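Asks: Protein chains in written order, with our numbering: chain S, 242 to 619; chain U, 242 to 619.
Heads up, a few of these hints could be off.
Heads up, the list lumps identical chains together, so a pair's fine if it works in one copy or across two of them.
[To be verified] With a straight-line cut-off of 20 Å between C-alpha atoms, the simulated EDC-like cross-links for lysine to aspartate or glutamate are:
| no. | residue 1 | residue 2 |
| --- | --- | --- |
| 1 | 434 | 519 |
| 2 | 479 | 262 |
| 3 | 479 | 528 |
| 4 | 567 | 477 |
| 5 | 398 | 580 |
| 6 | 579 | 482 |
| 7 | 579 | 244 |
| 8 | 567 | 364 |
| 9 | 579 | 384 |
| 10 | 579 | 288 |
| 11 | 403 | 564 |
| 12 | 398 | 482 |
| 13 | 360 | 564 |
Simulated from the structure, these hints should not be mistaken for laboratory data. As the structure is a prediction and not an experimental result, all values here were calculated from the model.
There are 2 protein chains.
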Amino acid sequence: MSEILERIWEYRQISRVELVELTGLTSGTITNLTHDLIQLGILRENEAISGNVGRRRVMLGFDPRFYRIIGLDIGRTSFEIIVMDLNGTILQSIEREMNGVQGPEAYFQVITPTLTTVKQEIEAAGEKILGLGVGIPGPIHYESGSLLAPPNFPGWKGYPLKQMLEQQFDLVTLIEDDARTSAMAERWYGLGKSVQNLVSITMGTGIGGGVVTNGKIVRGTNGLCGQVGHMTIVLDGKMCDCGNRGCWETVGSIPGILSRWSQGSTLMELQTAIRQGEPEALRCIDETLAYLEAALVNVQNLYDPELILLGGRLFPLLAEHLDQLKPRLQSRLYAFAKDRLRIEPATFGTSQSAVGAAALMLGFLLSEPVRLLSLQDS
Amino acid sequence: MSEILERIWEYRQISRVELVELTGLTSGTITNLTHDLIQLGILRENEAISGNVGRRRVMLGFDPRFYRIIGLDIGRTSFEIIVMDLNGTILQSIEREMNGVQGPEAYFQVITPTLTTVKQEIEAAGEKILGLGVGIPGPIHYESGSLLAPPNFPGWKGYPLKQMLEQQFDLVTLIEDDARTSAMAERWYGLGKSVQNLVSITMGTGIGGGVVTNGKIVRGTNGLCGQVGHMTIVLDGKMCDCGNRGCWETVGSIPGILSRWSQGSTLMELQTAIRQGEPEALRCIDETLAYLEAALVNVQNLYDPELILLGGRLFPLLAEHLDQLKPRLQSRLYAFAKDRLRIEPATFGTSQSAVGAAALMLGFLLSEPVRLLSLQDS
């Protein structure tokens, strides 16, 4: 059943005959399975006119009417809730600043009423919530669904997030490192639809990475795969929260960058100073780009992706300099590979992780439909 | 059929009843498939006495009698040929120094007669060669089976290795980057048998890496995944053959290390000088260990493996200092993960890549038995 759903996702609209050809399943099997999925409200039939003679064909696609997916991104300075249908259309998006709010208790005083309202409105409309996907600063202890020791995120260490959400909202819940949800957003809804190997890098207070290899998100042994912010860029550099020294995050994150600039204290002030040609600001951005360049060479030589996506609150500052960075970067890559690497902005901007949180649930539906659907009524 | 072979490889000896339980296939299917594999000489039945009552059970295992796998490693200064049976036992090993020999033509003047003799002896004994696996300095253009631009390996650029070997020896042939064959050796014959995520690092004239994720070797988009030698360790450091600056290879490989020592020109001389406490030699090894430490932190934070394997001609020098390196390294890793990372010497020493070249063919047999066997008589 998974293979059918993945093909339908890939083609958006597809006939049963094409499904038979692509999957190698018998047409009887396809008919039975798609019948069940239509009854459940996962798929629906659409009529399409095809070919020169205008023959009508019945096409299958995801049904956007019944099921809803909720994506929740819990960030260090804000949270966001989005509601999606099964086609990936964003139906609703709510974002709240949480500057100065600390720890899960204070966060959920704001999140809980918001999420409760969202849930009630969906149910009042006769729709059904397939599940809740959550992105949050990792690393995460996946077996227990709790947070391990997220750097720069006081109060959350050891918090049993998954269990708490399941008890409070009675929804199928998945949690994931927000760098990895951002990669998922790209994999299922963004540029990754046609790309099997990508690395998504989120730059803000911290620097995170999500790695997709052969179409699948990679967690590693301890959920640390893709911690690109914690590669050593400055040998014997500053101590980092993670335990290492000279991590890219210590020099390339927003706090890292601002620590090299004495004339102001915000990213926006720095951006203005750069435009005005203030010498210290120019030196600061030059160094930042040099660190980014070295980091991206490493990402390329270690993961060898087709596509690197850059996002996060820092991205708008860097975006203006990307055209100058790309040729410098290319000159440092293997000659035969340098023209094949694409570097693009993350598709969903500041909503990347919330969209990716919803993508978690879509990925669950596509890979384990029977299990996810059996959880709906338990 | 693949699933059955993988289970048998995993358990070495297993009964049909256990195969039914593990695979979920019917006992009829298991009986038919294993019958065919026994007829073909891939599997054989063994009797085992099990349990307290001494009941006899028929166990299935790989048949070491009929099929042979040849592994060929072509290195910058030597080549090695090994012959293996289907249990992974090394039956024969031939190694030749090739110092000063340059380019494929000169190499094959020595390799061809040696490999021809090996092949003839196997066939004269009534055995059959399943295939030839080859490890060579990458990167490799996999579609054409030719070499791309191997650094420090003059004359080999663009060489159509796979095609040439197939024509000359009429054997099913697979070629792979030697860093990746080394990882394959570990995955199928070494410590990786029980580990799904590992990184194998080979240090010699160059520094290469092979990455196994979820039990599978990862190549990346251009066959560059795992190029750990080409991560930037020294910001704005020396130019590297690959195009990047300050690569780990420029400071951590044998030539990189010896360039910091003025009192001699070989690794053995350096090792002696270190033991005698010669100050420049001590500083040189300290720096080498600091680079290794930073590189291993990066490998851990980017790939998050359970196991890092270290090998290559440089390893014996480093081995004496590993006990001092490990606690320093651990102190720089995420606290919750630091005790879970194992660092071990590569299992097969200098034969790692040749064993891995044979492992390529074993991996082919386990994952696509029908295709590989159909190639035997074509």
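Asks: Against this structure, judge whether each hint is valid.
Replies: The hints, checked one at a time:
1. 434 to 519: Classified as neither; 42 Å inside a copy, 58 Å across copies.
2. 479 to 262: Neither way: residue 479 and residue 262 sit 57 Å apart in one copy and 54 Å across, limit 20 Å.
3. 479 to 528: Both ways: residue 479 and residue 528 sit 15 Å apart in one copy and 18 Å across, limit 20 Å.
4. 567 to 477: Between copies only: 17 Å across chains, 27 Å inside a chain, cut-off 20 Å.
5. 398 to 580: between (43 Å within a copy, 19 Å between copies)
6. 579 to 482: For residue 579 and residue 482, only the inter-copy Cα distance (14 Å) is at most 20 Å; the intra-copy one is 34 Å.
7. 579 to 244: neither (34 Å within a copy, 38 Å between copies)
8. 567 to 364: neither (48 Å within a copy, 55 Å between copies)
9. 579 to 384: Classified as between; 18 Å across copies, 40 Å inside a copy.
10. 579 to 288: neither (44 Å within a copy, 57 Å between copies)
11. 403 to 564: neither (42 Å within a copy, 40 Å between copies)
12. 398 to 482: within (14 Å within a copy, 45 Å between copies)
13. 360 to 564: neither (44 Å within a copy, 56 Å between copies)
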